[in-house]
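Colleague: As a plain string of letters, each chain reads:
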Amino acid sequence: MTPRHHVPEHGLVEYVTGACTEGAALAVACHLSLCPTCAAEVAALEGVAGTLLEAGAGLELAAGTLESVLARLGGTPQRAGHEEAPAAPEFLAGCGLPAPLLRVLPSNDRWRTVVPGMRVVDLPFVVPDGAIRLVRFKGGVTIPFHDHGGPEYIVVFTGALEEKNDGRRFARGDVSIRLPGERHEQRAAPGEACVALVVNEGALRPLTLRGRLLLAIARD
Amino acid sequence: MAAIARGDRAAFTRLFLRYAPKIKAHLEARGAAPGASDELTQEVMLAVWRKAALYDPARGSVAAWLYTISRNFLFSQLRSERRRPAGEPGDDVDTFPEPSPAPTSEQTLLSAEEHRSLAASLVELPPEQRAVLQGAYWRGQSLQECAVEQQVPLGTVKTRVRLALERLRGLMAGRRTK
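Those sequence lines, one after another, are chains V and D.
Each step along the first sequence adds one to the number in the working numbering, with nothing skipped, and position 176 is 201.
Each step along the second sequence adds one to the number in the working numbering, with nothing skipped, and position 137 is 142.
Hints should not be assumed to be uniformly reliable.
Below, computed lysine to any residue pairings styled on SDA-like, alpha-carbon distance capped at 20 Å [said to hold, decoys possible]:
(1) D:163 / V:49
(2) D:163 / V:140
(3) D:163 / V:31
(4) V:189 / V:116
(5) V:189 / V:156
(6) D:163 / V:176
(7) V:189 / V:147
(8) V:163 / V:204
(9) D:163 / V:33
(10) V:163 / V:138
(11) V:189 / V:203
(12) D:163 / V:202
(13) V:163 / V:176
(14) V:163 / V:140
(15) V:189 / V:201
(16) D:163 / V:204
(17) V:163 / V:147
(18) V:163 / V:46
(19) V:163 / V:185
(20) D:163 / V:34
(21) V:189 / V:142
(22) D:163 / V:185
(23) D:163 / V:208
(24) V:163 / V:146
(25) D:163 / V:205
(26) V:163 / V:194
(27) D:163 / V:30
(28) V:163 / V:242
(29) V:163 / V:109
(30) V:163 / V:128
(31) V:189 / V:167
(32) D:163 / V:203
(33) V:163 / V:197
(34) V:163 / V:142
(35) V:189 / V:30
(36) D:163 / D:121
(37) V:189 / V:208
It should be emphasised that the hints constitute simulated quantities derived from the structure, not laboratory data.
Kindly produce the complete structure, drawing on both the sequences and the hints.
Modeller: And the structure:
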């Protein structure tokens with residue numbers, strides 16, 4: 026099954042040019058690993074980038090720059106055909122995590138419970154007021170109605186997340202992007218746990234009493 | 006690139022002479038201080054040497070790959086500047102999250118011929134569409150920054166990017182069938 030919810034074209038452009046945040050880049054890279062359609066689009070956008078580089082007028086380098094680089098080359102370049110991603114730790118086996126996520130996993134050996142039904146692995150990024158986490162939602166749990174203090178990017182790896190408002194369903198490889206002011210309530214589909222990358226570039230703002238209570242008891 | 010991956014310095018020198026000046030211009034366009042751009046270009050070219058074996062011609066042109074190496078380098082510079090006090094050495098160049106290789110389809114392959122036709126197509130774009138591509142790709146602006154600079158709403162910039170890319174595809178397809 027290929028994903029049904031994709032990164033919009035302008036998001037892919039900002040990924041290719043490097044104009045997006047680290048969190049957005051991680052989310053896009055995870056989606057691309059699971060979505061041949063967007064990966065092909067990115068390859069085409071990189072082709073445009075290459076053409077612009079090729080067509081650009083050069084600037085003369087300071088004398089001696091080439092010699093200085095040659096002196097620093099050392100021996101033969103590395104050989105590997107591809108940069109291998111590390112294997113998933115045992116407690117995450119079966120989550121089908123893509124390489125970009127495996128490369129940023131800390132050395133934890135377990136999930137950390139934040140609130141009942143929701144466990145996380147904190148990823149090593151610094152986001153003021155926000156968080157970048159791998160989250161495991163127990164099947165059937167709801168995420169109460171909330172708003173976002175900054176953009177939110179979710180990429181689903183196992184199970185599914187459902188939007189309460191419009192019934193849209195996000196399964197493996199799907200991306201959900203929400204901006205501040207876009208309020209929603211979600212539910213992990215009953216059954217299999219939903220494991221997803223959740224990037225919040227601002228604080229979540231619960232809009233219900235239950236949400237505020239959950240936030241109050243949540244362990245950071 | 007294959008020769009460079011085998012450690013061929015002459016091949017690396019040819020690549021350097023052809024692309025290093027363009028990379029320097031690109032880095033300056035993206036905000037590198039003129040005094041620092043020679044040093045940064047050196048770092049990018051060293052990364053090219055180290056990673057030469059990772060270049061896969063099935064995934065795109067050499068120029069496209071060099072663009073991504075420069076982008077990853079700038080991205081990691083920014084990241085380490087935000088993290089650590091000034092003066093300390095930065096990370097290696099690998100902090101930009103690259104996707105694991107997805108199955109490449111025929112359409113992603115950009116031959117040298119298509120490269121030339123794409124370059125020709127760029128010239129045929131309306132100026133405002135070319136300007137957003139230049140701003141985003143060459144200078145690394147976010148679309149929001151393009152919008153501010155060109156004094157148009159963000160939605161207009163998104164539309165121009167979409168139209169520019171559609172048009173490039175159309176122009177290229179037209180050339181291919183000729």
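Colleague: Determine for every hint whether it applies to the structure shown.
Modeller: Structure-based check of all given hints:
| no. | hint | in the structure |
| --- | --- | --- |
| 1 | D:163 / V:49 | 18 Å, holds |
| 2 | D:163 / V:140 | 39 Å, violated |
| 3 | D:163 / V:31 | 16 Å, holds |
| 4 | V:189 / V:116 | 30 Å, violated |
| 5 | V:189 / V:156 | 23 Å, violated |
| 6 | D:163 / V:176 | 18 Å, holds |
| 7 | V:189 / V:147 | 26 Å, violated |
| 8 | V:163 / V:204 | 25 Å, violated |
| 9 | D:163 / V:33 | 10 Å, holds |
| 10 | V:163 / V:138 | 11 Å, holds |
| 11 | V:189 / V:203 | 14 Å, holds |
| 12 | D:163 / V:202 | 16 Å, holds |
| 13 | V:163 / V:176 | 24 Å, violated |
| 14 | V:163 / V:140 | 11 Å, holds |
| 15 | V:189 / V:201 | 14 Å, holds |
| 16 | D:163 / V:204 | 16 Å, holds |
| 17 | V:163 / V:147 | 17 Å, holds |
| 18 | V:163 / V:46 | 29 Å, violated |
| 19 | V:163 / V:185 | 10 Å, holds |
| 20 | D:163 / V:34 | 9 Å, holds |
| 21 | V:189 / V:142 | 18 Å, holds |
| 22 | D:163 / V:185 | 30 Å, violated |
| 23 | D:163 / V:208 | 23 Å, violated |
| 24 | V:163 / V:146 | 15 Å, holds |
| 25 | D:163 / V:205 | 19 Å, holds |
| 26 | V:163 / V:194 | 16 Å, holds |
| 27 | D:163 / V:30 | 19 Å, holds |
| 28 | V:163 / V:242 | 18 Å, holds |
| 29 | V:163 / V:109 | 31 Å, violated |
| 30 | V:163 / V:128 | 25 Å, violated |
| 31 | V:189 / V:167 | 9 Å, holds |
| 32 | D:163 / V:203 | 17 Å, holds |
| 33 | V:163 / V:197 | 16 Å, holds |
| 34 | V:163 / V:142 | 5 Å, holds |
| 35 | V:189 / V:30 | 16 Å, holds |
| 36 | D:163 / D:121 | 26 Å, violated |
| 37 | V:189 / V:208 | 11 Å, holds |
Consistency with the previously given hints fails for numbers 2, 4, 5, 7, 8, 13, 18, 22, 23, 29, 30, 36, ordered from lowest to highest.
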